[in-house]
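Colleague: Sequence:
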Amino acid sequence: MELIENQGRTEVVIAAGGLGTRRAEWSRYLPKEFYPVQGIPGIVHVLDEIAQMGCVRAAMVHHPYYEHFIHAWASRALVDPQGYARAAERPLPRGPRWPDLDLRFTAQQGPYSDITSVLNADAMLDHPHELYVAYADNLYPEDDPLLRLRDTDGGTSVIVRPYNRTEAPSRGVIVCDRGFMVDLVEKPDECTARDLEREHGPDSLVLLEGRARTDRSFLDFLWSYRPGHAMEPKLSLALSVYARTHPVRVCHISSPVTDLGAPAP
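Under the working numbering, the sequence shown has 217 at position 123, and the numbering climbs by one with no breaks.
Because the hints were derived from the structure by calculation, they are not lab data.
Backbone N, C-alpha and C fix where the C-beta goes; we use that ideal spot for every residue, glycine too.
Treat the hints with care, as some may be off.
Beta-carbon label-pair distances, calculated as ranges [claimed, not checked]: (1) Leu186 to Pro321: 44 to 52 Å; (2) Ala166 to His346: 35 to 43 Å; (3) Pro296 to Gln176: 45 to 53 Å; (4) Arg170 to Trp120: 17 to 25 Å.
Taking lysine to aspartate or glutamate and the EDC-like style, the derived pairs with C-alpha atoms no more than 16 Å apart in a straight line are [to be verified]: (5) Lys281 to Glu291; (6) Lys281 to Glu261; (7) Lys281 to Glu326.
Work the whole structure out from these sequences, hints included.
Modeller: Rendered as structure tokens:
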């Protein structure tokens, strides 16, 4: 569905380029973003969160392996609620679940990384002046992180949660100073986490979460970003490099995260 062009539109990339290899054997059949949470696929919770932003154009960047699944079924199921109602012989809904959401789908093109997903969406959405990033496998049932980012001052900013050494090995740990990112360590082991605590103090540490607001300056930087040989091509590490010369604001939430990519119990 197409929306009338207007200056108040928000642009969002839904990063869903993974194969769910940590999740379970069933990931070969179904993207992890469609794992049910509270009775509906996780991706629906993400779209509900995005729809609160108002008039939105969103690009969902998925792994090429799921191309047939996305285009043959998922894209229709997500944007056409009447199709299921007809098949189930139920009363037709009055309209789409997200009437102001222009949702588009594209297979990730290029080397696998979340950076690739963001750049694919940036190109697909015609290089907007800012782009919100939502990781499709991270849900925040007790908060609205995208709205929190929208309500912050302009510029590139990220969502963070309070530091917890137990969770540190599975997330990025940010060193903060007066509300801005100073450094980031990706998934530190316990020894490294203790060193960070001793050097900076636990109150200066936070956990990076799967939502961000990126401005044109950062997106242009990302197009030319080339990580060192010892660095992964991860968006979090690109942010930490960018933060050395540009402000990257941290926006706090306290909600727990539901990680759809976490290994199945």
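Colleague: Does each hint hold? Answer for all of them.
Modeller: Each hint tested on the structure:
Between Leu186 and Pro321 the Cβ separation comes to about 50 Å, which falls inside the hinted range of 44 to 52 Å. Look at Ala166 against His346: about 41 Å separates their beta carbons, and that is inside 35 to 43 Å. One distance hint, 45 to 53 Å for the beta-carbon pair Pro296 and Gln176, holds here, with the actual separation near 52 Å. In this structure the supplied range 17 to 25 Å holds for Arg170 paired with Trp120, their Cβ-Cβ distance being about 22 Å.
About 14 Å separates the Cα atoms of Lys281 and Glu291, which keeps this hinted pair within 16 Å; it holds. The straight-line distance between the Cα atoms of Lys281 and Glu261 is roughly 9 Å, inside the 16 Å bound, and the hint therefore holds. The suggested pairing of Lys281 with Glu326 holds, with an alpha-carbon distance near 12 Å, which does not exceed 16 Å.
Consistency with the previously given hints is maintained throughout, with no hint failing.
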